[in-house]
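Position one of the sequence shown corresponds to residue 558 (this note's numbering), numbered consecutively onward.
For the record, the hints were derived by calculation from the structure and aren't laboratory data. All C-beta atoms, glycine included, are put in the ideal place defined by N, C-alpha and C. Watch out, some of these pointers could steer you wrong.
[Claimed, not checked] List time: in silico SDA-like cross-link candidates among lysine to any residue, alpha-carbon distance up to 25 Å:
| no. | residue 1 | residue 2 |
| --- | --- | --- |
| 1 | Lys-613 | Leu-678 |
| 2 | Lys-690 | Val-711 |
| 3 | Lys-613 | Asp-665 |
| 4 | Lys-690 | Thr-704 |
| 5 | Lys-613 | Lys-626 |
| 6 | Lys-606 | Ser-670 |
| 7 | Lys-626 | Gly-701 |
| 8 | Lys-626 | Gly-709 |
| 9 | Lys-690 | Leu-618 |
| 10 | Lys-606 | Leu-676 |
| 11 | Lys-626 | Lys-606 |
| 12 | Lys-613 | Ala-662 |
[Said to hold, decoys possible] If you anchor each label on the Cβ, the simulated ranges turn out as follows:
| no. | residue 1 | residue 2 | range |
| --- | --- | --- | --- |
| 13 | Glu-679 | Ala-622 | 45 to 51 Å |
| 14 | Ser-680 | Gly-625 | 48 to 54 Å |
| 15 | Glu-679 | Thr-704 | 37 to 43 Å |
| 16 | Gly-701 | Glu-679 | 40 to 46 Å |
| 17 | Arg-702 | Ala-662 | 15 to 21 Å |
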Amino acid sequence: MSQKVAVSASVKYRNMSTPKKNKTLLKVNPVSSGHWSSGKSKEDLHQTKCVVHIIKATQLLASDADTGKSDPICFMKFCPQYSTTPDWNIASPESGILTTTVIQACTDPIWNSHHTFPLILESYQELLNSSIKILIRDQDEEDGRVTFDDLGQVL
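Starting from the given sequences, assemble the full structure and let the hints guide the process.
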């Protein structure tokens, strides 16, 4: 079953928002033609970073029957073109999957957190063909074991 999730996020490459696509959930700022992201600059973008600002989610499913709420956590991954779906169960900086903190007993979480992906890119086109995948999950702990229920995603 698919759940529509509203997520507020801004995605920035260095100090500007991505010109890739004007998605309704991403805030896009115009850039000057001299900036490396305009595609017209000769500035080296081989080693750069992508900063993702996760702001909030609204109207998430209530995954916990006892509280009528969820304990949402946001997983995110910077994905090059033609990448496969990430294995969200191995979230760590080493796997390239970053997470927010868990917001306890909430269906409208506010994270307001920044997460940085270090990038090694060969071309501006490689950046344009990349995407950021975001998955929101409910985290539960039982008998010392952590499990997750998927609540929604932004691809």
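Outcome of the hint check:
With a C-alpha separation of about 29 Å, the suggested pairing of Lys-613 with Leu-678 is violated against the 25 Å cut-off. Taking the CA atoms of Lys-690 and Val-711, the gap is about 6 Å. The hint holds against a cut of 25 Å. For the hint linking Lys-613 to Asp-665, the alpha-carbon distance of about 7 Å falls within 25 Å, and the restraint holds. In summary, the hint linking Lys-690 to Thr-704 is supported, as the alpha carbons are separated by about 20 Å, within the 25 Å threshold.
For the hint linking Lys-613 to Lys-626, the alpha-carbon distance of about 16 Å falls within 25 Å, and the restraint holds. As the CA atoms of Lys-606 and Ser-670 are separated by approximately 16 Å, the hinted pair is consistent with the 25 Å bound. For the hint linking Lys-626 to Gly-701, the alpha-carbon distance of about 21 Å falls within 25 Å, and the restraint holds. For the hint linking Lys-626 to Gly-709, the alpha-carbon distance of about 15 Å falls within 25 Å, and the restraint holds.
At most 25 Å may separate the alpha-carbon atoms for a hinted pair to count; Lys-690 and Leu-618 meet this at roughly 19 Å. Of the pairs offered as hints, the one joining Lys-606 and Leu-676 holds, with about 5 Å between alpha carbons and a cut-off of 25 Å not exceeded. With a C-alpha separation of about 35 Å, the suggested pairing of Lys-626 with Lys-606 is violated against the 25 Å cut-off. Distance check on the hinted pair: Lys-613 and Ala-662 sit about 15 Å apart at the alpha-carbon level, within 25 Å; holds.
A hinted range of 45 to 51 Å for the beta carbons of Glu-679 and Ala-622 is consistent with their spacing of about 49 Å. Between Ser-680 and Gly-625 the beta carbons are some 49 Å apart, a value that agrees with the proposed interval 48 to 54 Å. A C-beta distance of roughly 39 Å is found between Glu-679 and Thr-704, which places it inside the suggested range of 37 to 43 Å. For the pair Gly-701 and Glu-679, the supplied restraint of 40 to 46 Å holds, since their beta-carbon distance comes to about 44 Å.
A hinted range of 15 to 21 Å holds for the C-beta pair Arg-702 and Ala-662, which are about 19 Å apart.
The structure is inconsistent with the numbered hints 1, 11, although it conforms to all the rest.
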